[in-house]
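Kindly generate the complete structure, drawing on both the sequences and the hints.
Protein chains in written order, with this note's numbering: chain X, 22 to 254; chain C, 2 to 422.
These are computed hints drawn from the structure, not numbers from a lab.
Each hint should be verified, as a subset may be incorrect.
[What the hints assert, rightly or not] With a cut-off of at most 20 Å between alpha-carbon atoms, the simulated SDA-like pairs for lysine to any residue come out as follows:
(1) 331(C) with 41(X)
(2) 331(C) with 113(X)
(3) 331(C) with 165(X)
(4) 331(C) with 194(X)
(5) 331(C) with 38(X)
(6) 54(C) with 160(X)
(7) 175(C) with 111(C)
(8) 54(C) with 78(X)
(9) 331(C) with 161(X)
[Said to hold, decoys possible] Counterexamples of contact, computed for chain C against chain X with all Cβ distances above 10 Å:
(10) 34
(11) 110
(12) 113
(13) 140
(14) 156
(15) 257
(16) 299
(17) 323
(18) 331
(19) 336
(20) 339
(21) 340
(22) 341
(23) 403
(24) 418
[Unchecked claim] Partial pick of chain C residues on the chain X-facing surface, computed with a CB cut under 10 Å:
(25) 37
(26) 41
(27) 45
(28) 100
(29) 329
(30) 334
(31) 335
(32) 347
(33) 383
(34) 417
A quick note: this is a predicted structure, and the numbers were derived from the prediction, not measured.
Note that CB positions come from ideal geometry on N, CA and C, so glycine has one too.
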Amino acid sequence: MEPVLLRRVTYAYGEGELRRPVLRAVDLTVREGEIVLLTGPSGSGKTTLLTLIGALRAMQEGSARVLGEELNGAAEAARVDLRRRIGFIFQNHNLLGFLTARQNVAMALEQDGSLAERARLARAGELLAAVGLAGHEDRIPARLSGGQRQRVSVARALAADPGLVLADEPTAALDKASGHEVVQLLRNLAKSRGVPILLVTHDPRILDIADRIVAMEDGRIVAQEQASGAAAA
Amino acid sequence: MNELAPPAKLLPWAPERTGEAPHSLPPARRGPGFAASTWLAVRLAWRQLRSEKARLASAIAGVLFACVLVFMQLGFRGALFESATNLIGAMRGDLFLMHPLTLASFRPEPLPRVRAQQALALPEVERAVPVYLAQATWRNPESGTRRTIQLIGVDVAAGVLDFPGLAPLVDRLKRADTLAFDVRSRPEFGPVATLLEQRGTIEAEVGNRRMEVVGLIEIGPSFGADGNVVLSEVNFRRVVKERQVAAVDLVAIRLRPGSDILATQQRLRELLPRDVMVLTQAELRAHERRYWEEATPIGFIFAFGSLMGLVVGMVIVYQILFSDIASHLKEYATLKAMGYSGFYLSRVVLGAALILAVTGFIPGLALSFFLYDLVGSATFLPLRLDLAMGLSVFAMIFGMCAVAGLLAVRKLRDANPADMF
Chain X
22 MEPVLLRRVT YAYGEGELRR PVLRAVDLTV REGEIVLLTG PSGSGKTTLL TLIGALRAMQ
82 EGSARVLGEE LNGAAEAARV DLRRRIGFIF QNHNLLGFLT ARQNVAMALE QDGSLAERAR
142 LARAGELLAA VGLAGHEDRI PARLSGGQRQ RVSVARALAA DPGLVLADEP TAALDKASGH
202 EVVQLLRNLA KSRGVPILLV THDPRILDIA DRIVAMEDGR IVAQEQASGA AAA
Chain C
2 MNELAPPAKL LPWAPERTGE APHSLPPARR GPGFAASTWL AVRLAWRQLR SEKARLASAI
62 AGVLFACVLV FMQLGFRGAL FESATNLIGA MRGDLFLMHP LTLASFRPEP LPRVRAQQAL
122 ALPEVERAVP VYLAQATWRN PESGTRRTIQ LIGVDVAAGV LDFPGLAPLV DRLKRADTLA
182 FDVRSRPEFG PVATLLEQRG TIEAEVGNRR MEVVGLIEIG PSFGADGNVV LSEVNFRRVV
242 KERQVAAVDL VAIRLRPGSD ILATQQRLRE LLPRDVMVLT QAELRAHERR YWEEATPIGF
302 IFAFGSLMGL VVGMVIVYQI LFSDIASHLK EYATLKAMGY SGFYLSRVVL GAALILAVTG
362 FIPGLALSFF LYDLVGSATF LPLRLDLAMG LSVFAMIFGM CAVAGLLAVR KLRDANPADM
422 F
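Structure (structure tokens):
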């Protein structure tokens, strides 16, 4: 079963004369463990596509099966449930400013009733160590650098063992070195767990982490290429 | 354009059509139970409140303000009604007879004195003494100004109607033209207690008659009278000359020890004509209090004051919670994207409201205790803060914060996770 299977997904903002289509019959598949980069100029619909896959937006037309759930017509409660199985990484880290790095990562685990507080914090600590932040667990985001914050959000996205990771411009706010470091880390952690990643970017510096690069333009997928970087990694 | 028909219910590549085994869904994660997730939500609320000390302090100050305001309003209200019935409250007796048309003790409707004798027909009744009430002018022994004072004329030796401090004065009050002065009367009546201490006895002018103050009792000012004096029946009639002996204002009854007060009350009602009410002391007091509750806007004024305090507190708490959500919309949207339900986030906001209720109430209670002491000693009002009142104020503050929280929760709708990208 493919983690993401989109067929003829069409989406438009606005009503009547103001109706402005942003996605036109998009077909896209993300396979198990695959890292797919979605690129394209702004306004090409890639972010809308990401929010649809992430069950953050109600579908309009077409079919989207994400982690086995059909999203077209899915109820709000079903979408909330599905979101718990997806790891999100945002352009800005969006960490909770009043929680420490460890508590932020543990927030992703608090929806799993089988874990006790101690287990949650221990697991959060392991993930922070995995993203190279051992020793920084008890700092609040304001006391971390931009790259470190984004690494915390990588740890948070992966904490609950998601079936899929969705990332939106994770390097936009970072310089080249730390941006590359973060996506490398994300790639390695995802590969070792077999988690597929769909990553929206127009940062050419990180194209080399992809297994496949999908280019969008004007609401359509215009090109797909098997990336060379995947073989090298 | 792609002119394909919209997908049928079963997609062409669905496992049911292709003959593949249907995929097995990953086991659904069980979320924590309601209690556990509520605890986590409240903890998150607390961590968020704690992180902004200035905002937390102003929120607590708002709740504290509302809390103190409500406590003071209710305290004053209780104290005023309490003091409105000081005279009645100080009269100690088992049962009382009163004319049904008497609304308040300061304007009594007389009843026949013979009812006191009729009450003695019951074996349970040990004594029944008439009480005369009237108001007369009192001349301040120091400055000479005159004010109206309440006279209570009763057979003091009978020991039926007892006031605190009266017992040792009984013999002296039997003498002609003597009276016992209420030490808790308002200071405008003159420094009687001080003068009495200096001179032993002092002369006073009551209703144009020279009288001797032989001692002090404790009653306290009520709404009907700023001060009180107790004198014997005979001395009362010397001051209030027009009063007929047969017309009394109240009859106080003492029962034999061990008698059932309520059963006797019932039998007295059957025995006596319809022109008297038979009341216990508590009922008499409630009757008097009800008059002041209905005749004056006091109850309304204090209820209104309390309500204003709650509204102001609610607005403050609402503002704090609202701006908290508004400035953390991104974080709330992130939590929604992570799969936290709107219900969970509502519990975070309500949790914050209830934390504010508790953290504002505790210092508010402490401050109110202090103010009750301070104000009580300055105004001689009997301000009392008991458990029932504390609980009801806490319930009000809790409700206030809950309403503020429910209003603020609506702002959560603005946290849309789709806008996060």
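So, going through the hints one by one against the coordinates:
Distance hint between residue 331(C) and residue 41(X) is unfulfilled; the C-alpha atoms sit about 26 Å from each other, more than 20 Å. Pair hint residue 331(C) plus residue 113(X) holds up; C-alpha atoms about 10 Å apart against a cutoff of 20 Å. Between the alpha carbons of residue 331(C) and residue 165(X) the distance comes to roughly 19 Å, so the proposed pair stays at or under 20 Å and holds. Distance hint between residue 331(C) and residue 194(X) is fulfilled; the C-alpha atoms sit about 16 Å from each other, no more than 20 Å.
For the suggested pair residue 331(C) and residue 38(X), the alpha carbons sit about 31 Å apart, so the restraint of at most 20 Å is broken. Only pairs whose Cα atoms come within 20 Å are accepted, and residue 54(C) paired with residue 160(X) is accepted, the gap being roughly 18 Å. Taken as a hint, the residue 175(C) and residue 111(C) pair is broken in the structure, with Cα atoms around 24 Å apart against an allowance of 20 Å. Restraint check for residue 54(C) and residue 78(X): the C-alpha separation of about 36 Å exceeds 20 Å, so the hint is violated.
Of the pairs offered as hints, the one joining residue 331(C) and residue 161(X) holds, with about 17 Å between alpha carbons and a cut-off of 20 Å not exceeded. Distance check on residue 34(C): its Cβ comes as close as 6 Å (rounded) to a Cβ of chain X, failing to clear the 10 Å threshold; non-interface status is violated. With a cut of 10 Å on Cβ distances, residue 110(C) stays outside the contact zone with chain X, its closest approach being about 69 Å. Once the 10 Å rule is applied to beta carbons, residue 113(C) is consistent with being away from chain X; the minimum gap is 78 Å.
The non-interface label for residue 140(C) is consistent with chain X: the shortest C-beta to C-beta separation is roughly 71 Å, beyond 10 Å. Its beta-carbon lying about 75 Å from the closest one in chain X, residue 156(C) satisfies the requirement of being farther than 10 Å from that chain. The beta carbon of residue 257(C) is kept farther than 10 Å from every beta carbon of chain X, the shortest such distance being approximately 69 Å. A cut-off of 10 Å between C-beta atoms confirms that residue 299(C) is not in contact with chain X; the least separation is 47 Å.
Even its closest Cβ contact with chain X, about 18 Å, leaves residue 323(C) beyond 10 Å, as expected for a residue assigned away from the interface. Listed as a non-interface residue, residue 331(C) fails to keep its Cβ farther than 10 Å from every Cβ of chain X; the least gap is roughly 6 Å. Remark: the non-interface label on residue 336(C) conflicts with the geometry, its nearest Cβ contact in chain X lying 7 Å away (cut-off 10 Å). With 10 Å as the threshold on Cβ separation, the claim that residue 339(C) sits away from chain X is violated: the shortest Cβ distance comes to roughly 6 Å.
Once the 10 Å rule is applied to beta carbons, residue 340(C) is inconsistent with being away from chain X; the minimum gap is 3 Å. Against chain X, the non-interface label of residue 341(C) is violated: not every CB pair exceeds 10 Å, the least being about 7 Å. For residue 403(C), the non-interface assignment is confirmed: its Cβ lies about 23 Å from the closest Cβ of chain X, beyond the 10 Å cut-off. Separation of residue 418(C) from chain X is inadequate, the least Cβ-Cβ distance of about 5 Å not exceeding the 10 Å criterion.
Here the hint on residue 37(C) is kept, as its CB sits about 7 Å from the closest CB of chain X, short of 10 Å. Taking 10 Å as the C-beta contact cut-off toward chain X, the hint placing residue 41(C) at the interface holds, the least distance being around 5 Å. Taking 10 Å as the C-beta cut-off, the interface hint given for residue 45(C) holds, the closest approach to chain X being about 8 Å. Evaluation of the residue 100(C) hint against chain X yields a violated restraint, the C-beta minimum of about 69 Å exceeding 10 Å.
Proximity of residue 329(C) to chain X holds as hinted, the smallest CB-CB distance being about 8 Å (cut-off 10 Å). Proximity of residue 334(C) to chain X holds as hinted, the smallest CB-CB distance being about 8 Å (cut-off 10 Å). Restraint check, residue 335(C) versus chain X: the minimum CB separation of about 4 Å is within 10 Å; hint holds. Hint on residue 347(C) is violated. Least Cβ distance to chain X is approximately 13 Å, over the 10 Å limit.
Interface restraint check for residue 383(C): the shortest CB-CB distance to chain X comes to about 47 Å, outside 10 Å, so the restraint is violated. Annotation: residue 417(C) was flagged as interfacial toward chain X, and the flag holds, the nearest CB pair being 8 Å apart, inside 10 Å.
Checked against the numbered hints listed earlier, the structure breaks hints 1, 5, 7, 8, 10, 18, 19, 20, 21, 22, 24, 28, 32, 33; every other hint is satisfied.
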